[in-house]
Amino acid sequence: DAGVTQSPTHLIKTRGQQVTLRCSPKSGHDTVSWYQQALGQGPQFIFQYYEEEERQRGNFPDRFSGHQFPNYSSELNVNALLLGDSALYLCASNPGRRTDTQYFGPGTRLTVL
Amino acid sequence: GQQLNQSPQSMFIQEGEDVSMNCTSSSIFNTWLWYKQDPGEGPVLLIALYKAGELTSNGRLTAQFGITRKDSFLNISASIPSDVGIYFCAGAMLTGANSKLTFGKGITLSVRP
Numbered sequence: 176d177a178g179v180t181q182s183p184t185h186l187i188k189t190r191g192q193q194v195t196l197r198c199s200p201k202s203g204h205d206t207v208s209w210y211q212q213a214l215g216q217g218p219q220f221i222f223q224y225y226e227e228e229e230r231q232r233g234n235f236p237d238r239f240s241g242h243q244f245p246n247y248s249s250e251l252n253v254n255a256l257l258l259g260d261s262a263l264y265l266c267a268s269n270p271g272r273r274t275d276t277q278y279f280g281p282g283t284r285l286t287v288l
Numbered sequence: 199g200q201q202l203n204q205s206p207q208s209m210f211i212q213e214g215e216d217v218s219m220n221c222t223s224s225s226i227f228n229t230w231l232w233y234k235q236d237p238g239e240g241p242v243l244l245i246a247l248y249k250a251g252e253l254t255s256n257g258r259l260t261a262q263f264g265i266t267r268k269d270s271f272l273n274i275s276a277s278i279p280s281d282v283g284i285y286f287c288a289g290a291m292l293t294g295a296n297s298k299l300t301f302g303k304g305i306t307l308s309v310r311p
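Read top to bottom, the protein sequences are chains A and B.
For the first sequence, our numbering gives the first residue as 176, with consecutive numbering after it.
For the second sequence, our numbering gives the first residue as 199, with consecutive numbering after it.
Chain B extracted, bound-state conformation:
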């Protein structure tokens, strides 16, 4: 099935550093979501975006809905060890009839103390 483009597959950063990741699609979406998944758990929603150009923050996390509506970006500032995990983007064209989310393959983030 279709998956959104997330790369690289893995990222390694030093504690305290900022990290940015992006997600691209061949389709236009009206909703972009960012999730984090820890081992043995399901994904947890971090940030939801609903408008092109929108910039939304959740603590040290900031995400943006790309102007083309085909991409989104997530930035984590001042990383800490508990930021380790897999980060997924998901997009959707949410309407009354459609509520299907399409996910990326995810980026595994490692934080060195």
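Extracted from the complex, chain A is given alone in its bound form:
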């Protein structure tokens, strides 16, 4: 079992650009959540996808959007990148909506210049 996988590992973008991050959940998991972890901070909940729909959202602007595919994999899109968007973006998956059992991927390190 590969666990939760994320791509790419690292990414460098410039302000104003758009970025897409990808996540494959652990086998048997159908719920995917995305988190933003700034340097020295804990993960901040962005949103959660279940049954291909956004089920819950944290305090993030509409520039952050996502998608879940029929195979449960997910994408996080960020438009009009700001310097403050530089962070580690973590994907986590779990069965059903039991986020207390979620597994995290290694994250994608996004740097905005």
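Hints in this document: simulated from the structure, not taken from any laboratory.
From a predicted model like this one, the values you see are computed outputs, not experimental measurements.
Among these hints, one or two may not hold up.
[What the hints assert, rightly or not] On the chain B side, residues computed to face chain A include the following (Cβ under 7 Å): (1) Gln201; (2) Pro237; (3) Glu239; (4) Gly240.
For every residue, glycine included, the Cβ atom is placed at its ideal position computed from N, Cα and C.
Go by the hints and put chain B onto chain A.
For chain B alone, coordinates are given in the frame of chain A:
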């Protein structure tokens, strides 16, 4: 966004010592979780707590769900070098509609051999 209170930011202990850390919230939770994050990895779940007053162990780790439901504690006994890492608490009011986790800023633990 909201983060739970974890302090101090860093802790330094000698190998073999016990260490305790706590986490407080202004909100009541029905679930408390403790995670450990190693460099370049996502957080890994250590212990989950579901009931006020509950005391749960996982090897040398023991965690408690505070009676007020606004705090939780983690104790690591007989520390070893591989205990080095960042320890996060997370709380949630898990219901059928809500599965959002709120994390603390984390405590970086260093263990001197």
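query: Going back to the hint list, which numbers does this structure go against?
result: 2
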